[in-house]
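Colleague: Okay, here's what each chain looks like letter by letter:
2 protein chains.
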Amino acid sequence: MEKPRTRARPSTRGPLAGLLVLELGQIYNGPYCGLLLAHLGADVVKVEPLGGEPTRWRSASREAYPFLMLNAGKRGIAIDLKTEPGRDLFLSLAQTADVVIENFAYGVMERLGLGFDVLHSVNERLILGSSSGFGRSGPDRELPAMDLTVQAMTGVMSVTGFPDSPPVKAGVAVADFMGGVHLCLGILAALLERGRTGSGQLVEVSMQDAVIPTLASNLGGLFEGTLPPRERNGNRHGGMAMSPYNVYGCSDGWVAVFCVTDAHWQSLCRVLGRPDLAERGDLGTTPLRVGHMDEVDAAVDGWTRSRAAKEVARLLREASIPSAEVRQLKQVVGDGQVRFRGMLPSHTHPTMGKVRYFGSPIRMGNASPRRLGPAPLLGQHTRSVLSSRLGLEGPQLDELEAGGIIGKCTTGRDPADP
Amino acid sequence: MEKPRTRARPSTRGPLAGLLVLELGQIYNGPYCGLLLAHLGADVVKVEPLGGEPTRWRSASREAYPFLMLNAGKRGIAIDLKTEPGRDLFLSLAQTADVVIENFAYGVMERLGLGFDVLHSVNERLILGSSSGFGRSGPDRELPAMDLTVQAMTGVMSVTGFPDSPPVKAGVAVADFMGGVHLCLGILAALLERGRTGSGQLVEVSMQDAVIPTLASNLGGLFEGTLPPRERNGNRHGGMAMSPYNVYGCSDGWVAVFCVTDAHWQSLCRVLGRPDLAERGDLGTTPLRVGHMDEVDAAVDGWTRSRAAKEVARLLREASIPSAEVRQLKQVVGDGQVRFRGMLPSHTHPTMGKVRYFGSPIRMGNASPRRLGPAPLLGQHTRSVLSSRLGLEGPQLDELEAGGIIGKCTTGRDPADP
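Protein sequence lines, in the order shown, are assigned to chains A and B.
Position 104 of the first sequence, counted from 1, bears residue number 104 in my numbering, the numbering being contiguous throughout.
Position 21 of the second sequence, counted from 1, bears residue number 439 in my numbering, the numbering being contiguous throughout.
The hints are simulated quantities; they were obtained by calculation from the structure and are not laboratory data.
Remember, it's a predicted structure, so these values are computed and weren't measured experimentally.
Glycine included, C-beta positions come from ideal geometry on N, C-alpha and C.
Don't take each hint at face value.
[Claimed, not checked] In silico SDA-like cross-links for lysine to any residue, where the CA-CA straight-line distance does not exceed 20 Å:
#1 A:LYS310 to B:LYS748
#2 A:LYS408 to A:GLU393
#3 B:LYS748 to A:PRO139
[To be verified] Ranges between beta-carbon positions, derived for each pair:
#4 A:ASP276 to B:ASP506: 38 to 48 Å
#5 B:GLU697 to A:GLY302: 54 to 64 Å
#6 B:GLY752 to A:GLN396: 50 to 60 Å
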């Protein structure tokens, strides 16, 4: 006899199973939000203009790799929202949807006649997740933005790089992705609130706002008065509040090393073979070592300089000192932990063949990570989505296609397209 | 006569009002997750060891600024979880809580006797949000980690900096904060699932996993074969897929400039006074300009070099070309948009006076951003939380205090504390 189930188990289809998301995302910010929602089990339909979103064909006549990685697991439809029938189709879909995501420049949704008030009037339960460079309020709201300019304006560049070099951007798209994940968080908060109120709402995230908290060490240093005037200090601690804390040159690479506790420092002195340093009272605590930062760095560097990075990392780890070899991307892609965690899985795309995509950084319970299908071809699901969700039939779809309102499945960029 | 309310309006108390969160966060990752939950309306109780979490006293005998910024809006209690009575107190609190957050190294919660199975056995509805450097599975799960080492191991350093300089970290704590916000997202997903199943679950995020997607441009370049062998390219596009895209020197600073569309390029040529470049067919599209990146950069640099940064930024903005002056932190703190959006509001801390903290990057509906109270003093709410939630009375609390199980309110670091 089967035991009675006393409680429902967490769904293996994901916590957002059954939710329909219409994604008007472009570049990285909105699409990353959509990708996270897909990983959480939502049905994400990406709505693109007939020429594709900007990242789709960015580099050539075939899909750009970042597009493939960030749009896995979504269905794709192509609609010209600038036409009246196209807008009507979108509004009809929005009537049956739970969430709309967009990261156009400020004002674009309103100009398309798809602002929150319009969406809310056709579907009171709908949540609109909206992200832009600087937000929907304030003096800078209309400034165009991409990751590079947000990094410039938030001080990320000013605090990145060596003191004697120009400011340099973080090599990763920190503003785009901080924007996208915060937007997703806001949407889930709105779904929780909708569970109580029955009503959707506008959720808004600016890339600039989302980056500000990452400056915690740097702003701490500024407010405490310990930040050097140049603001950037290479690989030293952002608030100059820890020592050792740096990347040290080895014979064949670099190793990052730092000491959180004074016990780490004692262990490090043993590895360096420097009992003299371990005994010095003026280096015994973090604040004291910070006052002798150059001397501390020179001591570590003097030891690492003549050794191979792998050997340095091994010896430090054996002594439980926080440390890591600086890896190149190829090593990251081939890394055992990255593979074990399924962060860069692969699947087969209909025209690009075997491609990798981004797994989910969020692990729920004991459920295995969800595998996602390939990013949609441009307009791949236009006909199936419009017929299944809106009941449109062949001749109607043919007419919309012929009128340039919707786009059919396209396997490459139209060479005539500018 | 008052109109009948036909539907509940979104709560101004926030979507998580009424939820109790126990935060065992330390440094930035867990505490940022707790801060976001506090902004969303949860009652966040920070549980610290009797000596405070590592960031509280990091730099001196008074609270470190990043601690104040990231722990606003929380209550604070001090319990020695390494004692049996301390562990029992925590488990009693967990019976009444919705969420526990922790970002200890892997295995610490289990060693404390507070692993998910134990927590779930005392409270089936409890969600445990757990974050660590590399996750709870895989060969690297036991490696200690902080932002610096995760940046080294994920390739963030390898792709940051100039090609002829050593690798350099992103100056912001991208790994810590990507970890914290993804953890918060996972917790909200688990709350949604609990609404259906009645059961809590373990949600897990690794800092390394959370950083991987930010490499979209760089990994795209690697997989497409366009990435230079040195991987880092200063302020050029991470995948070398756009031109112009750089930071250009001015007479008194730097300006970030890029062209998303070919129309931007045409406008830029007008501003530069270079109709000859605008007419050149071999520079007419993004892929073509990428092939002449040095020449394009030299043309822009030749124009910016002799002009002031403010003037360059103004002229480019008037021509609708994406661009931004590279700001220093002081400019960011004083910026009108940052102020308007309330990202660095201030409040009065009982011992530190007027301090700033982080506002929420998430804006819900028309609700004004919530103002949060100051970060708790160490143990400030130990007595009030234990008496209100567990019904403990004066003599019991005195005894626990005398036995070193709980900590009373402390306004500064104990000078005797090592």
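Colleague: Next, verify each hint and record whether it holds.
Modeller: Hint check results:
Note on A:LYS310 and B:LYS748: the hinted pairing is violated, with a Cα-Cα distance of about 40 Å set against a maximum of 20 Å. For the hint linking A:LYS408 to A:GLU393, the alpha-carbon distance of about 14 Å falls within 20 Å, and the restraint holds. A C-alpha spacing of about 18 Å is found between B:LYS748 and A:PRO139, which places the hinted pair at or below 20 Å, so the restraint holds. The supplied range of 38 to 48 Å is met by A:ASP276 and B:ASP506, whose beta-carbon atoms lie about 47 Å from each other.
For B:GLU697 paired with A:GLY302, a C-beta distance near 58 Å keeps the hint of 54 to 64 Å intact. Against the hinted window of 50 to 60 Å, the Cβ-Cβ separation of B:GLY752 and A:GLN396 comes to about 57 Å, which satisfies the hint.
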